[in-house]
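S.K.: Next come the chains, spelled out residue by residue.
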Amino acid sequence: MSHDWPLWEVFVRTKGGLSHRHFGSVHAPDAELALRHARDTYTRRQEGVSIWVVPSAAIVASDPEQAGELFEPAADKIYRHPTFYDIPDEVKHI
Amino acid sequence: MATASPVDAPPVDARHDYLLRLGDDSLILGQRLGEWCGHAPVLEVDLSLANLSLDLIGQATHLLEEAGAGDGDKLAFHRDVLDFRNCLLVEQPNGDFARTMARHLLFSTWQHMLFQRLARSSDRFLVEFASKAVKEVAYHRELSSEWVIRLGDGTEESAQRMTEGLDWNWRFVPELFEVDETLQALIDRRIAPDPREFEDEYRSAIAAVLAEAKLEGPADQRPILGGRRGHHSEHLGHVLAVMQFLPRTYPDATW
Numbered sequence: 001m002s003h004d005w006p007l008w009e010v011f012v013r014t015k016g017g018l019s020h021r022h023f024g025s026v027h028a029p030d031a032e033l034a035l036r037h038a039r040d041t042y043t044r045r046q047e048g049v050s051i052w053v054v055p056s057a058a059i060v061a062s063d064p065e066q067a068g069e070l071f072e073p074a075a076d077k078i079y080r081h082p083t084f085y086d087i088p089d090e091v092k093h094i
Numbered sequence: 001m002a003t004a005s006p007v008d009a010p011p012v013d014a015r016h017d018y019l020l021r022l023g024d025d026s027l028i029l030g031q032r033l034g035e036w037c038g039h040a041p042v043l044e045v046d047l048s049l050a051n052l053s054l055d056l057i058g059q060a061t062h063l064l065e066e067a068g069a070g071d072g073d074k075l076a077f078h079r080d081v082l083d084f085r086n087c088l089l090v091e092q093p094n095g096d097f098a099r100t101m102a103r104h105l106l107f108s109t110w111q112h113m114l115f116q117r118l119a120r121s122s123d124r125f126l127v128e129f130a131s132k133a134v135k136e137v138a139y140h141r142e143l144s145s146e147w148v149i150r151l152g153d154g155t156e157e158s159a160q161r162m163t164e165g166l167d168w169n170w171r172f173v174p175e176l177f178e179v180d181e182t183l184q185a186l187i188d189r190r191i192a193p194d195p196r197e198f199e200d201e202y203r204s205a206i207a208a209v210l211a212e213a214k215l216e217g218p219a220d221q222r223p224i225l226g227g228r229r230g231h232h233s234e235h236l237g238h239v240l241a242v243m244q245f246l247p248r249t250y251p252d253a254t255w
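First to last, the protein sequences are chains R and V.
All residue numbers for the first sequence refer to the working numbering, where the first residue is 1 and numbers rise by one.
All residue numbers for the second sequence refer to the working numbering, where the first residue is 1 and numbers rise by one.
What the hints contain is simulated information worked out from the structure, not anything from laboratory work.
Idealized CB from N, CA, C, for every residue including glycine.
Do not take every clue at face value.
Below 27 Å or equal to it, Euclidean Cα-Cα: the simulated DSS-like pairs (lysine-lysine) are [to be verified]:
{"id": "1", "chain 1": "R", "residue 1": "Lys15", "chain 2": "V", "residue 2": "Lys74"}
{"id": "2", "chain 1": "R", "residue 1": "Lys15", "chain 2": "R", "residue 2": "Lys92"}
{"id": "3", "chain 1": "V", "residue 1": "Lys74", "chain 2": "R", "residue 2": "Lys92"}
{"id": "4", "chain 1": "V", "residue 1": "Lys74", "chain 2": "V", "residue 2": "Lys132"}
{"id": "5", "chain 1": "R", "residue 1": "Lys77", "chain 2": "R", "residue 2": "Lys92"}
Sample of chain V residues with no beta-carbon within 12 Å of chain R, all distances over it, derived [to be verified]:
{"id": "6", "residue": "Gly34"}
{"id": "7", "residue": "Glu44"}
{"id": "8", "residue": "Ser48"}
{"id": "9", "residue": "Glu142"}
{"id": "10", "residue": "Gly154"}
{"id": "11", "residue": "Pro174"}
{"id": "12", "residue": "Ala185"}
{"id": "13", "residue": "Tyr202"}
{"id": "14", "residue": "Pro218"}
{"id": "15", "residue": "Thr254"}
Pair ranges (Cβ atoms, derived) [said to hold, decoys possible]:
{"id": "16", "chain 1": "V", "residue 1": "Pro247", "chain 2": "R", "residue 2": "Ser62", "range": "53 to 63 Å"}
{"id": "17", "chain 1": "R", "residue 1": "Arg21", "chain 2": "V", "residue 2": "Lys135", "range": "23 to 33 Å"}
{"id": "18", "chain 1": "R", "residue 1": "Glu47", "chain 2": "V", "residue 2": "Asp96", "range": "23 to 33 Å"}
{"id": "19", "chain 1": "V", "residue 1": "Glu35", "chain 2": "R", "residue 2": "Thr83", "range": "37 to 47 Å"}
{"id": "20", "chain 1": "R", "residue 1": "Glu47", "chain 2": "V", "residue 2": "Pro251", "range": "44 to 54 Å"}
{"id": "21", "chain 1": "R", "residue 1": "Glu69", "chain 2": "V", "residue 2": "Lys135", "range": "46 to 56 Å"}
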């Protein structure tokens with residue numbers, strides 16, 4: 001039965017102020033039940049305050065074959081990392 | 001009676017019996033839904049049903065511990081079938097997924113309406129209990145409505161199965177609105193809500209879901225009553241045999 005159901009990607013905001021983060025995926029026949037399945041699968045232990053579900057088919061993904069040209073040029077450019085600043089202790093989630 | 005008790009004195013036996021009724025409803029339905037664990041049509045539904053089950057078992061724990069002065073396990077695992085006070089609806093076999101969802105819609109819609117009112121009881125424990133549990137039950141009601149609508153307004157086979165599921169469970173609905181002497185004593189003291197006050201609202205709510213599901217409501221059948229007095233169907237004994245086997249066979253087992 002689940003083979004007939006589309007796949008949905010699940011994003012959960014774990015608390016106010018944080019971004020939604022990818023948690024996993026669920027099968028469901030439609031958006032409304034996808035939300036409920038996401039709730040029952042991923043937020044049973046108080047992990048969330050908000051859920052998004054997105055049809056997996058709507059995700060546009062980069063091609064792993066292009067990983068070299070997409071990502072490797074960033075590897076040796078240390079000056080792009082803001083690692084030369086002191087971050088105050090009270091700044092979190094940066 | 002020579003000394004009539006004042007109307008606001010708490011009727012201890014009636015309150016105890018009411019806690020058992022509410023607690024046993026949740027316990028037995030929780031156990032029934034637990035039977036789906038590992039057997040549901042798909043993994044996501046397996047988790048949904050286990051979630052509903054755990055909510056219900058949590059409710060049963062609170063209610064039976066209150067009834068048993070802190071020892072809920074004794075009431076859950078060491079009572080025999082005639083001492084259970086749950087309604088007949090919750091002990092009905094799961095059948096297929098459609099029948100389970102039909103049962104859950106019929107029960108959780110009633111339980112939701114009851115708990116909304118129980119949250120305004122004159123009994124402090126019941127107010128605290130119902131204020132928390134009403135949110136769980138609201139979700140149960142929504143989820144089972146969604147499934148009844150999808151199966152009713154689905155394929156020819158799913159509609160047929162949902163129709164049969166509703167037909168099976170329908171005769172156990174009138175018991176939910178029955179008021180006996182015990183319940184009346186608690187209604188008089190504003191401890192328990194009077195279910196007859198929300199029977200019309202219940203019937204319209206179910207009719208609205210069935211209309212959206214494009215299903216005919218089942219024809220009224222001869223009501224079957226008796227669960228609140230311990231007159232159960234043959235099914236409850238089997239539920240208890242599975243549920244109580246371990247603690248009765250190994251009374252000192254811990255885990």
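S.K.: Now tell me, hint by hint, if it's right for this structure.
M.R.: Each hint, compared with the structure:
1. R:Lys15 to V:Lys74: Since the Cα atoms of Lys15 (chain R) and Lys74 (chain V) sit roughly 40 Å apart, the hinted pair is violated (cutoff 27 Å).
2. R:Lys15 to R:Lys92: Status holds; Cα separation ~13 Å.
3. V:Lys74 to R:Lys92: This hinted pair is violated, its Cα atoms lying about 49 Å apart.
4. V:Lys74 to V:Lys132: holds (24 Å)
5. R:Lys77 to R:Lys92: At roughly 25 Å apart (the allowed maximum being 27 Å), Lys92 (chain R) and Lys77 (chain R) satisfy the hint.
6. Gly34: holds (15 Å)
7. Glu44: violated (4 Å)
8. Ser48: violated (5 Å)
9. Glu142: violated (8 Å)
10. Gly154: violated (9 Å)
11. Pro174: Answer for Pro174 (chain V): holds, closest chain R Cβ roughly 30 Å.
12. Ala185: Correct as stated: the minimum Cβ-Cβ distance to chain R is 39 Å, above 12 Å.
13. Tyr202: holds (23 Å)
14. Pro218: holds (25 Å)
15. Thr254: At about 24 Å from chain R, Thr254 (chain V) clears the 12 Å cut-off, so the statement holds.
16. V:Pro247 to R:Ser62: 53 to 63 Å: At 55 Å between Cβs, range holds.
17. R:Arg21 to V:Lys135: 23 to 33 Å: For Lys135 (chain V) against Arg21 (chain R), whose Cβ atoms are near 25 Å apart, the range 23 to 33 Å holds.
18. R:Glu47 to V:Asp96: 23 to 33 Å: holds (32 Å)
19. V:Glu35 to R:Thr83: 37 to 47 Å: violated (56 Å)
20. R:Glu47 to V:Pro251: 44 to 54 Å: violated (37 Å)
21. R:Glu69 to V:Lys135: 46 to 56 Å: holds (51 Å)
Hints 1, 3, 7, 8, 9, 10, 19, 20, counting from the list given before, are not met by this structure.
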